[in-house]
Structure formats: structure tokens, C-alpha cells
Amino acid sequence: MKHLKAVNKKAHRIEQHAAAVHGDIYGMQQGGPGGAPAARPHYPVGCSIVFSPGWEVDSAGGTAGLCQPAERDLYDCYVTCFWPAQVPDHYNNYPDWTSKCASATKDWRNIELVFP
Amino acid sequence: MQILALAVSLAADPTLMYVGGWPKDLLVIDEANVKVVDHIKMQTDVPRTLSLTSDKKKLIAITVKDSGIETIDLASRKVVDSFLLGTGAKKVRVGGSALDPTDRYLYLSVTIAEKKIDRFDVGKPQFAVVDLQEKKITRTAEMPKEVASAGGRGQFKVSPDGKYLWAFRDNIYIFDTTDFKLVDTIQLARPTFPGMETIFLSPADDPHDAPGMMTAIFNSTDPVVHKRMWGIAKINLATKQIDFTPVGPAVQGMTGLRLSPDRKTGYTVAISGEHGDRFTEFLVIDMTVPKIVNRAAFNGRTRFTQGLTTDGKQIIIYGAGNTIEMYDSKTLKLLKDVDIAADMTTSLIPVMN
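Protein chains in written order, with our numbering: chain R, 1 to 116; chain W, 1001 to 1353.
Treat the hints with caution; some may be incorrect.
Stated by the list, open to error - Residues from chain R shown here face chain W by an in silico Cβ test under 10 Å; the list is partial:
1) 7
2) 11
3) 12
4) 16
5) 18
6) 19
7) 68
8) 71
9) 79
10) 90
11) 95
12) 99
13) 101
14) 106
Stated by the list, open to error - Chain R side only, calculated, beta carbon under 8 Å to chain W, not exhaustive:
15) 6
16) 20
17) 66
18) 72
19) 75
20) 76
21) 91
22) 93
23) 98
24) 102
25) 104
26) 105
27) 108
No wet-lab data here; the hints were simulated from the structure.
Just so we're clear, the structure is a prediction, and the values are computed from it rather than from any experiment.
All C-beta atoms, glycine included, are put in the ideal place defined by N, C-alpha and C.
All chains should be modelled from the sequences, with the hints used to inform the complete structure.
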């Protein structure tokens, strides 16, 4: 959805320039506009394209490269990646979201629900 | 009678392993039966890094939230000291750490972010010295960009005399610990060592390494046909002498090297392929030659760390997750797979009593 619309000539030129540089929406397996298809899927925001806890893909776009079961990896979104997007923000607002769950594989039902 | 007394003594003082675990614990594990015998509750947050002091009586833990520093007394199994480097408005992210030989100073690479009224001001990665007695950062220094890449993350080591800080990156950079001036660079990207055009070093922190030494896996290419190979690097942190010995053709990935207590045998894991075709294999290396003397494939989990028991008789495969696999270091067969009921967050540190 576009929230901003170009209304004068200069804004139109900026819009055209941005489209030329960044292209339009394209499939993640197609590479950039006019370019050769990428050998691997392109994930613009790291290991996941959605902000859904526990959902991620490996560098090939599948799940074979993830920890098995995937819950083994859950806490590392926070510990290793310092990335609070996939899990509750342990650093600032929800430091105790795992206080009742030592092992995500076994006790994931005890992970605290967070409603930002 | 003496034998009986010794047996009783050994029974009373088992060799213990320590590993950080969720939510905010340091797990104490009996090495003999891989059983969790105690949980030490951390004061500040989940531990991410553990450093064993030179007298092997304490662990220094760095925790994640607000970068807490905690000192754990291993005899009493208690946190005897803890403080925070960060505050609510000042976030200190630790990228790497090394404890000095006196166990008083902790050398860190840190990135400090300060919360302003409308933004975070994120600083550049820098060196920081934490005085564990004064419980604060006492010195900071600018970090060269070659060392500061990736947020200053990477392996650090302090020389046995405490005078130099070694930073292992694409090259090895050696800094004077008094003023953090760069005093020496050992070229790995364009090495002067004969028969090699580039070197990638995988430094490890092995408790069985000789004092002042670091033994590590390296990858390299020869300058003639550019064939990739791996080998053993022996680095003397006191004299700055490095010996590289090629062992075999390079594989896709290898874990850090673990040495047996007599340092005659080394253990590593070679990883090739990826995802569904991933193949993991133990390599046993005769360190006196060095050459591969045994190998065996095993079902390696996607992400793991390799360790070795204090007697060198079992290979430990652990993290990510809540299970520890023990393999016989002679037969390379799986002995047991133990659930410790906590996801591990640090390296596992075995400490001989």
C-alpha cells in the first residue's frame, strides 16, 4: 500500500528514480529487475520475512537447515542475534518472558504470552 | 587404606562441568554421569560467556541484559559478586572478551548505545577494560576498524605476561594493554608464511592447551594451484611465534580443535554439504605428526559446539538446545544423549578438581 503520492513534477521524478533503482515488487527467487535469477532466495530482513515467533527459514529457503526441532533455536533470536523482533523484547520490556521455560523444546507452553 | 581414602575422595569431589542455561542459571553437571547436580541462580540475567580464572576456583560470567558481570565461586557454588555495565538508558553490547592472567581485568570489545529523548546514539565498537575489583569500566580506547568489524565480535586472548591483547580476525592484531596501541600485525590474508596465499584461522579456547599457547585449525590455499587445505596452527602468545602444518584438503567447515590432556591427540568435526545433504564427521588427529588417524560419521545436529571431557575419554556435543551427547573418543560411538532440561547459552567448561 502506498501512503504517499507524488503531486508535483519533482516528486514524480523522485518516484521514477526510486523505481528505476529499486525496481517494483518481484518474486524472491527472481533476483533484481533485469538481473539473472538469484542462486538463492533473497530475504531482505534476515532469517525471516515475517514477524512471527519461531518462524524462520534457512539460507536455502527451507527448514532443513534449521535446528530440529525448531524450538531449539528460539532463544538464540535473542541471545546470539540481539534481534528482538522474532521474540518478545527481552532487553527492555519483557525480561521475564522465559522465566518459566528453561527448555523451549519441552516447555514451550510455559512461555509467557506477550501482548505489546 | 590409602586407596580407599583416595576412592572416597574422588567420590566426594567429582569433576564438574559448568554451562549457562535458560532462564538465568548456571548448571553444574557431574562429568562422570552427565547429571545436573546443581543450579546456580544468576543475579542479573542469562549468562552468555564464561571465563575460568587462572586458579580455576572461579568463573566470570557475562550476562546479556544490561551486560552484567558475575563472579561465581565454584567451591560454594554461589555468585559472590555481580554488577552491571549498562543501565536502562545506556546499553553496552559485548562483542568479545578475555580475562587477564591476574584475573582482575576483563578486556572487552563493546558497543555502547545511549537512549536519548528521541533516538539511540550508537557508538563505534571500542576496547573496554573492566576492573573486577572496582566493578566498572575503568578504561576505554578506540578500536581500529579492522578489529571493529561485525561489532567487535571475535576471539581475544591476553598474553601470559598480561602485556598484550591478541585479536584474531582476518589478520592477527596485537595491542599493548596499557594504551591499546597496535604493536604488531601477523598477516593472514596476505601471509609471509611459505606455501600459503591466504589463511583463515579458527581460534579456540581449549583448557588443555599449554599455558601461553593456542592451538587452532586453519584453512589456507597454496599460491600455485590455489588448492584449499586445512591444518594445525600452533601460536605462542608470549613469543608471537606461529607454526602452520597442513594436514589435508579443506572441507566446508570445521569446529574448533580440542586437545587431549597430554596434547598428543586432537579432536575436531568436519562438516560438509548443507541442509538435507549435511554430513558431519569426527576427525581424530595425531598431533605429533600431525595427521588424521581416525574418523567416523555421526548424526550431527544443525548447530552444535564440540567439547572434550577432562580425561579426554569422551567427546561432548552440545548446544543449541537442551541435550548433551557423549561420544567415546576411541570408538567414536555415541554413549549417551542426556537431557539437562535447559537450553544452553554458553560454552561448557569442565573443571578438574
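Here is how each hint holds up against the structure:
1. Against a cut-off of 10 Å between C-beta atoms, the interface hint on residue 7 of chain R is violated, since the closest Cβ of chain W lies about 29 Å away.
2. Checking residue 11 of chain R against chain W: minimum C-beta separation of about 27 Å lies over 10 Å; hint violated.
3. Because the beta carbon of residue 12 of chain R sits about 32 Å from the nearest beta carbon in chain W, more than 10 Å, this interface hint is broken.
4. Because the closest C-beta pair between residue 16 of chain R and chain W is about 32 Å apart, greater than 10 Å, the hint is violated.
5. Using the Cβ-Cβ criterion of 10 Å, the hint placing residue 18 of chain R at the interface with chain W is not satisfied: the shortest such distance is roughly 25 Å.
6. Nearest Cβ of chain W to the Cβ of residue 19 of chain R: about 30 Å, over the 10 Å cut. The hint is violated.
7. Contact between residue 68 of chain R and chain W, as hinted, is supported at the beta carbon level, the nearest pair being about 6 Å apart and thus within 10 Å.
8. The criterion of a C-beta within 10 Å of any C-beta in chain W is met by residue 71 of chain R, whose closest approach is roughly 8 Å, and the hint holds.
9. Against a cut-off of 10 Å between C-beta atoms, the interface hint on residue 79 of chain R holds, since the closest Cβ of chain W lies about 6 Å away.
10. This hint holds: residue 90 of chain R has a C-beta 6 Å from the nearest C-beta of chain W, less than the 10 Å allowed.
11. About 6 Å separates the beta-carbon of residue 95 of chain R from the nearest beta-carbon of chain W, less than 10 Å, and the hint is met.
12. Because the smallest distance between the Cβ of residue 99 of chain R and any Cβ of chain W comes to about 5 Å, under 10 Å, the interface hint for this residue holds.
13. The beta carbon of residue 101 of chain R is positioned within 10 Å of a beta carbon in chain W (closest approach about 7 Å), and the interface hint is therefore held.
14. With its C-beta approaching chain W no nearer than about 7 Å, residue 106 of chain R sits inside the 10 Å limit, and its interface hint holds.
15. The beta carbon of residue 6 of chain R is not positioned within 8 Å of any beta carbon in chain W (closest approach about 28 Å), and the interface hint is therefore violated.
16. At its closest, the beta carbon of residue 20 of chain R sits 31 Å from a beta carbon of chain W; the interface hint therefore is violated under the 8 Å criterion.
17. Checking residue 66 of chain R against chain W by beta carbon gives a least distance of about 6 Å; that is within 8 Å, so the hint holds.
18. With a cut of 8 Å, the hint placing residue 72 of chain R at the interface with chain W holds, because the nearest CB-to-CB distance is about 4 Å.
19. Because the closest C-beta pair between residue 75 of chain R and chain W is about 5 Å apart, less than 8 Å, the hint holds.
20. About 6 Å separates the beta-carbon of residue 76 of chain R from the nearest beta-carbon of chain W, less than 8 Å, and the hint is met.
21. This hint holds: residue 91 of chain R has a C-beta 6 Å from the nearest C-beta of chain W, less than the 8 Å allowed.
22. With a least beta-carbon distance of about 11 Å to chain W, the hint placing residue 93 of chain R at the interface is violated under the 8 Å criterion.
23. At about 5 Å, the closest approach between the beta carbon of residue 98 of chain R and any beta carbon in chain W falls short of 8 Å, and the interface hint on this residue holds.
24. Of the supplied interface hints, the one on residue 102 of chain R holds, with its beta-carbon coming within about 4 Å of a beta-carbon of chain W, less than 8 Å.
25. Interface restraint check: residue 104 of chain R against chain W, minimum CB-CB distance 6 Å, threshold 8 Å, status holds.
26. With a cut of 8 Å, the hint placing residue 105 of chain R at the interface with chain W holds, because the nearest CB-to-CB distance is about 6 Å.
27. Given the 8 Å rule on beta carbons, the hint for residue 108 of chain R is violated: about 11 Å separates it from the nearest Cβ of chain W.
Checked against the numbered hints above, the structure breaks hints 1, 2, 3, 4, 5, 6, 15, 16, 22 and 27 and satisfies the rest.
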